[in-house]
Each structure stands twice: as C-alpha cells, then as structure tokens.
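Protein chains in written order, with our numbering: chain A, 367 to 485; chain B, 2 to 114.
Simulated from the structure, these hints should not be mistaken for laboratory data. Bear in mind the structure is a predicted one, so any value in this text is a computation, not a measurement. There's no promise every hint is true.
Computed spacing ranges between beta-carbons, pair by pair [to be verified]:
#1 P9(B) <-> S482(A): 40 to 48 angstroms
#2 T21(B) <-> D420(A): 27 to 35 angstroms
#3 I484(A) <-> G54(B): 20 to 28 angstroms
#4 A371(A) <-> W110(B): 36 to 44 angstroms
#5 L422(A) <-> R78(B): 38 to 46 angstroms
#6 R78(B) <-> G419(A): 39 to 47 angstroms
#7 S482(A) <-> R45(B): 22 to 30 angstroms
#8 R408(A) <-> G64(B): 21 to 29 angstroms
#9 S446(A) <-> S68(B): 42 to 50 angstroms
#10 S446(A) <-> G54(B): 24 to 32 angstroms
By construction, the Cβ of each residue, glycine as well, lies at the ideal position given by its N, Cα and C atoms.
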Amino acid sequence: AQSVAQPEDQVNVAEGNPLTVKCTYSVSGNPYLFWYVQYPNRGLQFLLKYITGDNLVKGSYGFEAEFNKSQTSFHLKKPSALVSDSALYFCAVRDTKLYSGAGSYQLTFGKGTKLSVIP
Amino acid sequence: NAGVTQTPKFQVLKTGQSMTLQCAQDMNHNSMYWYRQDPGMGLRLIYYSASEGTTDKGEVPNGYNVSRLNKREFSLRLESAAPSQTSVYFCASSPTGSGNTIYFGEGSWLTVV
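Construct the complete structure from the given sequences, taking the supplied hints into account.
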C-alpha cells in the first residue's frame, strides 16, 4: 500500500522568511512524489514532482522540494515566503511497484497543510 | 486552453435526489479520475478510468456510478444523494504512465440537505 503523511495541519511563517511544508511517505517500491497547491475555492494546481534523478526538484513559483530516501521524506521549501503563497498544500505519492491492472496509476494524497504567510 | 472542465460548479440536492456531474478534458489524456475533498480528509479517489471503455473503483466508490462516455468525457452520478455525500468533487485527467502528472478541474461544490 502507498500512503503519505503531512504532520502539520497548519504552518505559519512571516513574509520574507523561508518556509518548509513537511511530507513523509510509505511505499513498497520506489516513489513518485508530487506537490500540489490549492487556493480558496479553486482546484489543485501542480507545483513539482520527483520521478528520478537529482534529489532537489525545482518547481513553479520558486518552490523546491528535496527527496530524501533514507528519511522517506519530500519536504516542500521556499527561500522567501510571499503573502500570496498562503494556500493549502498537498503532497501525493504513487508507488512504482503498484499496478492496477487497468493501466492507471493511482495517486494517494496527504490531508493537506494550510500555509499562512503573515505580512 | 480549457484543460479539465467540470459542471455544475455548485449544486444543492435534497436527500434521495439524483444528479450527474459532468467532466470533459481537452488534453487528449487517456486516464480520468473523480476525487472528493472533505475537510481534514484530503482527497479521496472515488472512481477512475484508465482508458476509454474501462472504469475501476477507487477508495470510496459506494453511492456513486461513473461513465466514460468517450476519451474526453467522464461523468459521476449520484443515484440517491445522501447528506454524507456533501463534499467538493474534483475531476482530473492524466496521460498514461506512472510518472505523469494529474491535472485537476476547478471543482464542483455539492450540498445534500
């Protein structure tokens, strides 16, 4: 089974400070990892993903995430937070060892972390 | 540049009524999905369709049916709505392949009273 945990329901950070949103995962094989952002009353927008290669992944809006296999983590980071970064952030995982038999690869989401950037 | 389009955006139903949520994508993706989002629960997969002509149950399929009408369209039907189905529903699509990104629609807010 594949699962993902976001240990913090809410993260508060001052504008201009670095931010980190935590994510840990559990899979049988190798993970494919994703971060999405959701603004109020909107759908989820893709930020970045780790498939293979460099452990540091860069994505949209200045966000990056570091894949750490030994700690089974994929924390989202940004060097300097903006008020406009305030949103709900979701980590998601797909286990490369799982195969549905129908050709689809299911994505399992964490429960989300609400990021509030304080002016 | 529409991506994934869902209708309706908002709907209020009475318990026992039926309704269908429509979804269409213009990205020529093979796979399509229906998720529901509830506070503190994240997103949970209801049904998915790996390709035209196939559908499979996800994590929370009870009370729902789906139809993959063609490659573009994937509808979700509530036959007899219950208050527990009050939620935000998201349709999504992706190309075939485990490393590919899933793209989401803007959501449908459903209230069952």
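Quiz item: Between A371(A) and W110(B), does the beta-carbon spacing fit 36 to 44 angstroms?
Solution: Violated, since A371(A) and W110(B) (Cβ atoms, about 27 angstroms apart) do not stay within the stated range.
Quiz item: Using the C-beta atoms of P9(B) and S482(A), is the stated range 40 to 48 angstroms upheld?
Solution: 31 angstroms, violated
Exercise. Look at the Cβ atoms of R408(A) and G64(B) and judge whether their distance stays inside 21 to 29 angstroms.
Key: Distance hint for R408(A), G64(B) holds at roughly 26 angstroms.
Quiz item: Is it true that I484(A) and G54(B) lie within 20 to 28 angstroms of each other by Cβ?
Solution: The hint (20 to 28 angstroms, Cβ to Cβ) is violated, given that I484(A) and G54(B) are roughly 51 angstroms apart.
Self-check item: Distance restraint evaluation - L422(A), R78(B), Cβ atoms, bounds 38 to 46 angstroms
Solution: Given range 38 to 46 angstroms: holds, Cβ gap about 44 angstroms.
Quiz item: Measuring from beta carbon to beta carbon, are S446(A) and S68(B) in 42 to 50 angstroms?
Solution: The hinted range 42 to 50 angstroms holds for S446(A) and S68(B), with Cβ atoms some 47 angstroms apart.
Quiz prompt | Outcome of range test on Cβ distance (S446(A), G54(B); 24 to 32 angstroms) | solution = 49 angstroms, violated
Practice problem: Kindly confirm whether 22 to 30 angstroms is satisfied by the beta carbon distance between S482(A) and R45(B). | Solution: 25 angstroms, holds
Quiz item: Does 39 to 47 angstroms hold as the CB distance between R78(B) and G419(A), or does it fail?
Solution: 42 angstroms, holds
Quiz item: Does the hinted range 27 to 35 angstroms hold for T21(B) and D420(A) at CB?
Solution: 44 angstroms, violated
Checked against the numbered hints given earlier, the structure breaks hints 1, 2, 3, 4, 10 and satisfies all the rest.
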